[in-house]
Amino acid sequence: MDSDLHLTQDSERGKPKMSKILEVKNLRTTFFTHLGEVQAVRGISFDLDEGGILGIVGESGSGKSVTSLSIMGLVDEPGRIVEGEVLFQGTDLTKLDHNEMMKFRGNEISMIFQDPMTSINPAFTIGNQLREVIMAHSELNKEEAHERALELLTMVGIPDPESRIKNFPYQFSGGMRQRALIAMAIANNPKLLIADEPTTALDVTIQAQILELMRDLKDKINSSVILITHDLGVISEICDKVIVMYGGMIMEKADIKNLFAHPQHPYTRGLLLSIPTNVTGKKKRLIPIEGSPPDLMDPPTGCPFSPRCPHAMEICLKKAAPLFKISETQEASCWLHHQDAPEVSGMVKVEGEQS
Amino acid sequence: MSERIPLLEVRNLKKHFISGVLKKRKVLTAVDGIDFVIYKGETFGLVGESGCGKTTIGRTIIRLYNPTDGEILFDGEEIGHLSEKELKPYRKRMQMIFQDPYASLNGRMTVTDIIAEGIDTHHLLEGDAKQERIYELLEKVGLKREHASRYPHEFSGGQRQRIGIARALAVNPELIICDEPISALDVSIQAQVVNMLEDLQDEFGLTYLFIAHDLSMVRHISDRIGVMYLGKMMEITTADELYENALHPYTKSLLSAIPIPDPTSSIRERRVILKGDVGSPINPKPGCRFASRCQYAKPNCFTDTPELREIKEGHFASCHYIEEINSI
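Here the protein sequences come in this chain order: V and Z. Using my numbering, the letters of the first sequence correspond one by one to residues 1078 to 1432. Using my numbering, the letters of the second sequence correspond one by one to residues 17 to 344.
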């Protein structure tokens, strides 16, 4: 925008040939605790299109947060990525050492965490922390960084940024802290923004504000987003593709419309059914998923959902299903899609399979 | 419901917390003059954002806090100012289920001890009869007999919440105050607990005060709902009426902020996104608490506090301009 050079570059690669900004291949992250191995992420693969918003939805213990920490290279002792690749524009992030990773983190890739109080340092002013992020990855001096910080605070909708920039985090409300945190995350125009439950700690009216802000900013800074949440409502608000995780594995991948209209995994269906639909006049009983999530110290051998699945077959207990390709935009890891499986209404049978 | 008998009546209830002295004295008006009635056998939902005072109301009703002013009538008796001794028979009739299933169970007590505590305090049962009762309660809430001798850390969040419910049921209460009982649970488990609460209500004729911020679940479980904002009641009506014909501007924006799990929904285009944050309940100014965020606010909204009034039959709202806004 600021020079002609940018324009030519853009128009050259601007053709709709969708490129992948992130490819995760067979990622496996395990925590080696003294009680045993916790297999948090068990061989997942997915990719993210440039400019896309990918939602990862799952319950506690599904491995969604560990997935994001693995991408960021933030898995700490006793955890370790034991297998797999995280390709960010072709570079395998899992092979980088600490210093090399620092060049990406907070710059090309940045993250917004759930709790806006614990992820900001209470002992420094908002301005101080913003300038730190800016100066770590650029040549700007203190004054220029200050200007940029003001610009960012305005961008995320903090009123009266000139005086607010001198405030400490405790002087901000929850919603404002989350805005400040977003300002830090987008400070260096990241290509990939990972938001881990960014609105879970906020009230609904503030959640609506933050989601609107994220939608806005994504277009302004032209980055790709991974949004991690347990709330299917939030997913349907802003994502275009979704991954459903359970027990450290991917159950279903789909574009947003198909996921809600024709879920192809019994777990996704169960999740959608357990949300109240609320039709005026008649009260329908909720349909819960019976049982409880798997113990990741000792996960079931087959499909992690099989102990709770109403359609579980013998094979489900022995072997996890590969991802069956339902359509161009939808894949589900469930044996019901196999030719030989019994007919279950709404579940599509597929010829080939893909793992 | 043909005849509605009030079980709990709250009149002009106030709970203020005071901190600091002299010039630094601050008054936090958590609950500031609330009136509502809960009828026998119904579920009354109480919703609002954090800091609106919904939990404080629950805790004041059950007398974990002493009210600053106002009356709490339980089955016609004023209990807001009773002494601890006089209160004891009422403690048996009112129980509470807490939000955090990890913090609300004592990790050093077995499940039996936890559930039996109320039975012991009120000398209801002893010996084998007591143990039998505990087994029966465990089965009622979907747990097994053999769980009785275990400790809370051996259970998942959903199971712990079941233990908390069994503890509340142990003394045969009439009113159960459910303070965000499902907020800490996973989506797939929430439905299990909600179904169970509904079954128990049918079986024992329980009355619930259901405090929550998940608006779609509240609609599902409640017969009537009260919407709070900064210590004041903004609107009270039946669940369906509230979601179909909300009158108060705050309720409208609160409802429209709910994320809808349906990507094709058209509600999104009509959404009103509230500007700004919830104000502070410390030393509040006169006038409508919502005025600073209200798109319809007029000068007198900042000076005169609106009363909660009946707009339609059974539909109450507190706003000076409700008729104008809704063109009634």
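Keep in mind that the hints were calculated from the coordinates and are not lab data. Beta carbons are placed, not taken as given, at the ideal position from N, Cα and C, and that holds for glycine. Be careful, since some hints might not be right.
Said to hold, decoys possible - Computed list of lysine-lysine pairs in DSSO-like fashion (alpha-carbon distance at most 27 Å, straight line):
id, chain 1, residue 1, chain 2, residue 2
1, Z, K56, Z, K40
2, V, K1360, Z, K42
3, Z, K156, V, K1361
4, V, K1360, Z, K301
5, Z, K104, Z, K314
6, Z, K30, Z, K104
As the list claims (entries may be wrong) - Output of the computed footprint for chain Z on chain V, the stretches with three or more beta carbons under 8 Å from beta carbons of chain Z:
id, stretch
7, 1207–1220
8, 1225–1232
#### Entry: Hinted pair K1360/V and K301/Z, Cα distance within 27 Å
41 Å, violated
### Query
Between K104/Z and K314/Z, is the straight-line Cα distance small enough, at 27 Å or below?
Answer violated: K104/Z to K314/Z is near 48 Å, above 27 Å.
### Message
Just to be careful, I want the Cα atoms of K156/Z and K1361/V compared with a cutoff of 27 Å; is the pair within it?
### Response
22 Å, holds
### Query
Holds or violated: are the alpha carbons of K30/Z and K104/Z at most 27 Å from each other?
23 Å, holds
### Task
Quickly compare the C-alpha distance for K1360/V and K42/Z to 27 Å and report which way the hint goes.
45 Å, violated
### Query
Taking a Cβ-to-Cβ distance below 8 Å as contact, does the stretch 1225–1232 of chain V have at least three residues touching chain Z?
violated (count 0)
### Query
Within a Cα-Cα threshold of 27 Å, do K56/Z and K40/Z meet the stated pairing?
Measuring from Cα to Cα gives roughly 44 Å; hence the hint is violated.
### Query
For the stretch 1207–1220 of chain V, do three or more residues have a beta carbon lying closer than 8 Å to a beta carbon of chain Z?
violated (count 0)
In the structure shown, a violation is registered for the earlier hints numbered 1, 2, 4, 5, 7 and 8, in ascending order.
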